[in-house]
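Sequences and hints are given; from them, build the entire structure.
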Amino acid sequence: MNGSPSLRNRLSLVVRDIPRSGIRDFFDIVTTMKDVISLGIGEPDFDTPWHVRESTVFALERGATHYTSNLGYLELRRALAAYVEKTFGGRYKPEDEILVTVGVSEALDLALRALLNPGDEVLYHEPCYVSYRATILFAHGVPVAVETRPENGFRLTRAMLEAKLTPRTKVLMLNFPNNPTGAIMSRADLEDVAAFAREHDLIVITDEIYGELTYDAPHTSIISLPGLRERTIFLHGFSKAWAMTGFRLGYACGPAELIDAMMKIHQYTMLCASSLGQKAALEALARPAVDVGEMVGEYRRRRNFIVGAFADLGIECHRPLGAFYAFPSVARFGLPAKEFALKLLHEERVAVVPGTAFGACGEGFVRCAYATSLDNIKEAMVRLKRFIARL
Amino acid sequence: MDEILKILQGNALEPRETIARLLDLPAAEINRRIADYEQRGVIRGYQAILNEDDLDIDKVTAVIEVKVTPQREGGFDLIADRISRFPEVRSAYLMSATYDLLLFVEGRNLREVAGFVSERLAPLDGVISTSTHFMLKTYKRLGVLMHEKCSDERLTVSP
Numbered sequence: 001m002n003g004s005p006s007l008r009n010r011l012s013l014v015v016r017d018i019p020r021s022g023i024r025d026f027f028d029i030v031t032t033m034k035d036v037i038s039l040g041i042g043e044p045d046f047d048t049p050w051h052v053r054e055s056t057v058f059a060l061e062r063g064a065t066h067y068t069s070n071l072g073y074l075e076l077r078r079a080l081a082a083y084v085e086k087t088f089g090g091r092y093k094p095e096d097e098i099l100v101t102v103g104v105s106e107a108l109d110l111a112l113r114a115l116l117n118p119g120d121e122v123l124y125h126e127p128c129y130v131s132y133r134a135t136i137l138f139a140h141g142v143p144v145a146v147e148t149r150p151e152n153g154f155r156l157t158r159a160m161l162e163a164k165l166t167p168r169t170k171v172l173m174l175n176f177p178n179n180p181t182g183a184i185m186s187r188a189d190l191e192d193v194a195a196f197a198r199e200h201d202l203i204v205i206t207d208e209i210y211g212e213l214t215y216d217a218p219h220t221s222i223i224s225l226p227g228l229r230e231r232t233i234f235l236h237g238f239s240k241a242w243a244m245t246g247f248r249l250g251y252a253c254g255p256a257e258l259i260d261a262m263m264k265i266h267q268y269t270m271l272c273a274s275s276l277g278q279k280a281a282l283e284a285l286a287r288p289a290v291d292v293g294e295m296v297g298e299y300r301r302r303r304n305f306i307v308g309a310f311a312d313l314g315i316e317c318h319r320p321l322g323a324f325y326a327f328p329s330v331a332r333f334g335l336p337a338k339e340f341a342l343k344l345l346h347e348e349r350v351a352v353v354p355g356t357a358f359g360a361c362g363e364g365f366v367r368c369a370y371a372t373s374l375d376n377i378k379e380a381m382v383r384l385k386r387f388i389a390r391l
Numbered sequence: 001m002d003e004i005l006k007i008l009q010g011n012a013l014e015p016r017e018t019i020a021r022l023l024d025l026p027a028a029e030i031n032r033r034i035a036d037y038e039q040r041g042v043i044r045g046y047q048a049i050l051n052e053d054d055l056d057i058d059k060v061t062a063v064i065e066v067k068v069t070p071q072r073e074g075g076f077d078l079i080a081d082r083i084s085r086f087p088e089v090r091s092a093y094l095m096s097a098t099y100d101l102l103l104f105v106e107g108r109n110l111r112e113v114a115g116f117v118s119e120r121l122a123p124l125d126g127v128i129s130t131s132t133h134f135m136l137k138t139y140k141r142l143g144v145l146m147h148e149k150c151s152d153e154r155l156t157v158s159p
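As given, the protein sequences belong to chains A and B, one line each in that order.
Everything in the first sequence is counted per the working numbering, starting at 1 for the first residue and increasing by one.
Everything in the second sequence is counted per the working numbering, starting at 1 for the first residue and increasing by one.
Only true hints are included.
Sample of chain A residues lacking proximity to chain B, with all beta carbon distances greater than 12 Å (derived):
#, residue
1, 51
2, 55
3, 81
4, 82
5, 163
6, 199
7, 230
8, 257
9, 336
10, 346
Derived EDC-like pairs (lysine to aspartate or glutamate); straight-line CA-CA distance at most 16 Å:
#, chain 1, residue 1, chain 2, residue 2
11, A, 378, A, 312
12, A, 164, A, 201
13, A, 34, B, 153
14, A, 338, A, 363
15, B, 140, B, 52
16, B, 149, A, 47
17, A, 34, B, 152
18, A, 170, A, 121
19, A, 378, A, 348
20, B, 6, A, 294
21, B, 137, B, 106
22, A, 378, B, 17
23, A, 338, A, 25
24, A, 378, B, 14
25, B, 140, B, 53
26, B, 59, B, 88
Source of the hints: derived by calculation from the structure; they are not laboratory data.
These numbers come from a predicted model, not from an experiment.
By construction, the Cβ of each residue, glycine as well, lies at the ideal position given by its N, Cα and C atoms.
Written out as structure tokens, the structure reads:
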């Protein structure tokens, strides 16, 4: 750690005590190396659809470069309301139940800050996206991890949740399809979780950024289940299904009281999401089925390929049903996940992310993103085969 | 469309075992289906997509709009077939609106193409008129950009 110790002592204790993302450390090493094949990238390898990019340029020329309403352009919120109803099965009023944000990351931060008092507990499942634990801590909440396992497809069960419930539990966070495991929840799975949330009067925050990307079964959103919409903040965005990561555009849908509280933080800290990003999103929604359908087909084929390749190598891998990650077990090679990943990187120049970046229970696993070309995946598998033969 | 065809359209050289793996099907099944497409003439060939502008070759391409008289039995098909059989004609389409056939014709130079139009195409029975445009530069062909450099702007590892 750089910097003088006296300044470090003056940092907020919450911030000081949170470690940097494990992915960040790994990234710093990878960037010093050449000819690396990366299965470590958590974003689509597709370009943003051209009609979206082209219309963003047009929006810039036309001068859509000013502040927008705090909630986002009303026209966009109307389009979002229609899309969410059609795709996820929840109805929201564009006027006061939808907030456009700077990616889902901001929306998640707003939701937690709007809900938590110091000491409130948040149930979330691990392995999970790298920011969840930190974001809960920044909001002065207490993160309570529920470990999911490959034996039941990294799904969440009611029994697992009951075991971690306390009188301080206030919020339940969900992320299916899941980064890093590729797990999804069936409607029956979700009904159990929904009953749990209702019975214990929990607020649900559901991050469904990968909702469009499922391969063998359609995605079910918890907001489509009875009695959940009124206690749920639904988060979604344009990064994954439209390959628009750099636009930083997400949104939250929820009951007006909750959206209003989130908007209060948003208006004082962010003011509004980028006007151009919002214009791009509007164009993306104009023809989602074509763009997304093509990508889903391609991801499905690559998923099949990588899962088959792992099986050939004798590497156990739960079959990912959504997102674009495989989460194979490397435990049988006798190395901790981080060491396995570092050794693979140094010896064969293949980057994967150690499972521990996604929570302690990710030990023994690595995340392999198949959001890269088939040629890259093929070459990575050749190198991996060579590597494990030497272990 | 069958995903096998989609994969082959993207890369006709994709090994059959890879296609089998991508689609989670046995390799024998992939072989059988491709053989079937070939036999039925759905797959009519496999070609390389070249950026010919970067090859030092003598070649010009003309795009020719042709107005024709449809024949009493066979409509446009007879005359279209007659025209398509010339090896100079690389592609031929029946069109709606102001003309009937659109041809892509290749020759070594302008004179050769002009000769084809004036001596072979225009005098054919049923051809009413032709309008010839010469192609200057190819930007995109068969869905492939001809001048794009590959680049991946993404960070090498991200959450």
